[in-house]
Amino acid sequence: MQLAKIVEKLGGTLVGDGSLDIKGLGSLADAQVGDLSFLANPRYTSAVASTLASAVLLAKDWKGECPCAAVYVENPDRAFAEAALLLSPPPVGFAPGVHPTAVIAPDAKLGEGVTIGPHVVIQPGAVVGDRSVLVANCYVGHEAVIGSDCRLYAHVSIRERCVLGNRVIIHDGSVVGSDGFGYTPDKHGVWHKVLQLGIVEVGDDVEIGANAAIDRARFGKTRVGNGVKIDNLVQIAHNVQIGDHAVMASQVGISGSTWIGRHVQLGGQAGLAGHLHVGDGAVVGAQAGVTKDVEAGSFVSGYPAMDHRKATKAHAHLMRLPELKERIKKLEDLVTALQQREDKA
Amino acid sequence: MQLAKIVEKLGGTLVGDGSLDIKGLGSLADAQVGDLSFLANPRYTSAVASTLASAVLLAKDWKGECPCAAVYVENPDRAFAEAALLLSPPPVGFAPGVHPTAVIAPDAKLGEGVTIGPHVVIQPGAVVGDRSVLVANCYVGHEAVIGSDCRLYAHVSIRERCVLGNRVIIHDGSVVGSDGFGYTPDKHGVWHKVLQLGIVEVGDDVEIGANAAIDRARFGKTRVGNGVKIDNLVQIAHNVQIGDHAVMASQVGISGSTWIGRHVQLGGQAGLAGHLHVGDGAVVGAQAGVTKDVEAGSFVSGYPAMDHRKATKAHAHLMRLPELKERIKKLEDLVTALQQREDKA
Amino acid sequence: MQLAKIVEKLGGTLVGDGSLDIKGLGSLADAQVGDLSFLANPRYTSAVASTLASAVLLAKDWKGECPCAAVYVENPDRAFAEAALLLSPPPVGFAPGVHPTAVIAPDAKLGEGVTIGPHVVIQPGAVVGDRSVLVANCYVGHEAVIGSDCRLYAHVSIRERCVLGNRVIIHDGSVVGSDGFGYTPDKHGVWHKVLQLGIVEVGDDVEIGANAAIDRARFGKTRVGNGVKIDNLVQIAHNVQIGDHAVMASQVGISGSTWIGRHVQLGGQAGLAGHLHVGDGAVVGAQAGVTKDVEAGSFVSGYPAMDHRKATKAHAHLMRLPELKERIKKLEDLVTALQQREDKA
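Residue numbers (my numbering), protein chains in the order written: chain A, 847 to 1191; chain B, 847 to 1191; chain C, 847 to 1191.
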């Protein structure tokens, strides 16, 4: 697409050759000749000079030099997203219909306009809401309920009696409703399974990444609130409660019965012990090990997790521990010398 | 179900209205009007006053006030489990039979009363024991052996020649027998695959969570002992040996050839280096990084993992490091002042 | 197989009974009577005396005693690998052909000699190169391209438009091309999905373990270079770039847009923040938390990751913090006493 045409659609001021044919998109470092790129994060300022891109979207007030065509816009990040839609192939769609290889129990209920892809299995009593798409090889257990306008990618399992809201997206291989990890030891240390009789209830507008696992409750419900976003390979144990609009990055692990407030943010690989309370709006840093309740609105990190500023300071000091030890050694020598002088005096 | 009827079945002393209709179950915080709840963990004592539950199971010697019907029992936890069975829908069952969409090699051997669900694939030479259930979309590789009374949920892979004992439960998406991670670099730093010729052997009464991965041995066997319980998203590398009745929480990672003793407990997200020996009954804390052998019966935590009490103390001090540094600074000033006074004297 | 025959094929010097019938293979600790074992890692020297193996491969210059037949060879590790090939059943093969239960779009292109196993789904516009094997229940999305001589084990998902090179191996349950984790919050803290319009491009000779997840780019490409080896349960976020011949152990997590150089090695459970640059040949220790760029050729570990030697020293001191604190306390008392003496004088 001609650069001038893109600028016409996005708005903004073009400095350079509008007749350029833009073929693709890329970050400053990644872009090739013929690509459009953008500068949104100041971290990448120095990458402008060396980019191979043929045109770059820049903030209106940007003062630097640009080695190629420059387009000055209000918000380069948003403009790039719009340009991407102009230049990218449209997202893949799935035509409604039930594939003949799908195995659907006679008493399962399918809404209007659903897409049930190849090799999907839907067990007795299950419900799939209007316009929901089960891409391929998905499993929907007995009496499970999937809302409307959901999309389940390949190899997703929704286990028996679990409930998904509307507009839920689940990426390939994720599992909703596996048994909680519950055993009681006998006097020989042999573990006996505690039946996991509850379900998982997922709210509206939730997105779950690939190969995540959310366990069903021992009794009652493991609950994922509305608007929650869960990244790949996240573990959510039985009876966890997650408030609306919480987000958690990849490989987070939440132990049983922990309560996560609304708008909480959990960094990648963070681990939370069981039976904790994480207040609304709290932020937990990546790789943090949370061993006690977290106050609403606070920011904790480190292991064991503490106030983030304290943790950062403490870890900075950790690196200087060998030096501190030297200073203590020197002080000891000095004090000993002083004592000896005193004793002599 | 009427509360009086539940109390009749569980035993215990009822204080309150036995004619109440109990409709569901929930934790103290989670329960709704009409639900039965319980107090087992003293941590939740304060939740009794604010619960919406219509009845609560309490320990015989509990002295607090209860805002609703109270049932005093020997063991509230166990009583609640029994009540749950009375009130929950029965666990889902799978009728014996082979689904017509399953693809089963002619020379595979199926025991009596097996359930082979839709889209299951069983390769040549494989064996499935009596009454085992393969729920749907499972893969059983060439010459793999599955014992009796096993249950494999959707999308489980048992790779070629691996062996499962009896009464093994594996949740959705887990993989038994993927290749170990073994390569040798050449002089250009190019990695060449080392063939992984061994298998995985899983004992009796093992349960494996969702989306876990257990690698086959380079040679010989990766071994999971009897009664071992493995949570979701756990990684077990090639040639690991796991003793009977060990348990490991979610997202644990065990590197190659490490030996885990009987009754060992590994906390969530703990990581163990390769070629280590973890003695019988040892406990490894959540998120611990284990870099050397762990003695039988010991409890280690932290990174690098050390005696748990030492680790806890060390980490508590870590937080106070900035304060320690201030104290050192102050000492240095005082000592300098003392020296100057001495020198003048 | 007779021991003498094995020695004939491997080369080396036999001390012991060549007529022994060798039935299997195992590590020194694992081997049974009738097995062949080997000593390559000096760590295991003491295990020779107690092995049950009937024969052991030893280095030419090994001086210790051997309780069974000994075979002295140039390289015991390599000799054992060769012996394993002699004694192991051959790796499983898959005959070319398209299974009748596979669902393949009419316009998908299949190369010569491909194996498309049971219940595989191949969407419109997809391409599978010559001799590639899709074992079973795999999903290949719209317009995805799989090179030649690849092997995809059961339940692998290659999402729309993603591209794999030649000789790529992917183990069971892994996902290539799930959506990146991208949302923008509105003023109410509600997260709105940012379309993930890019793809994943995987080079030649890459191996990916079980249940890993590699996200597609927001725009452009998430890129995995040639010869890269990725272990089980690894997370690679959108727009990550991985240089040729990098290796990463299980449960590693790499955040969005991070750039990993050639021949980089990442230890198990290491986590890398987003938008970082990890230079060629760098090594990141297991469980490290990398929060800033890593120089080429350096070795970092710990949290936050720092020079490995410094980190090791700092962590060793961490354990001795309570003792340091005692020393500070004692110094304070001494200095106070000295001051009082001075003041009196």
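In short, the hints are calculated from the structure, not lab data. Hints are supplied without guarantee of correctness; some may be wrong.
Where chains are identical, the list cannot tell them apart; a pair therefore holds if satisfied intra-copy or between any two copies.
Unchecked claim - Here are the computed lysine-lysine pairs in the PhoX-like style, where the Cα-Cα straight-line distance is at most 20 angstroms:
(1) 906 with 855
(2) 1190 with 1171
(3) 1190 with 1033
(4) 869 with 855
(5) 1176 with 1159
(6) 851 with 1156
(7) 869 with 851
(8) 1159 with 1171
(9) 851 with 1138
(10) 1156 with 1033
(11) 906 with 869
(12) 1175 with 1159
Against the structure, the hints:
1. 906 with 855: within (17 angstroms within a copy, 74 angstroms between copies)
2. 1190 with 1171: neither (29 angstroms within a copy, 30 angstroms between copies)
3. 1190 with 1033: Answer is neither; intra-copy 67 angstroms and inter-copy 67 angstroms both fail.
4. 869 with 855: within (16 angstroms within a copy, 58 angstroms between copies)
5. 1176 with 1159: between (24 angstroms within a copy, 19 angstroms between copies)
6. 851 with 1156: Classified as neither: same-chain Cα gap 52 angstroms, cross-chain 55 angstroms, threshold 20 angstroms.
7. 869 with 851: within (13 angstroms within a copy, 63 angstroms between copies)
8. 1159 with 1171: This pair counts as both: shortest intra-copy Cα distance 18 angstroms, inter-copy 11 angstroms.
9. 851 with 1138: The answer is neither: 56 angstroms in one copy and 40 angstroms across copies each exceed 20 angstroms.
10. 1156 with 1033: Close neither inside one copy (44 angstroms) nor across copies (29 angstroms); limit 20 angstroms.
11. 906 with 869: neither (24 angstroms within a copy, 62 angstroms between copies)
12. 1175 with 1159: Result: close only across copies, 16 angstroms inter versus 23 angstroms intra.
Of the numbered hints given earlier, the model fails hints 2, 3, 6, 9, 10 and 11; all others are met.
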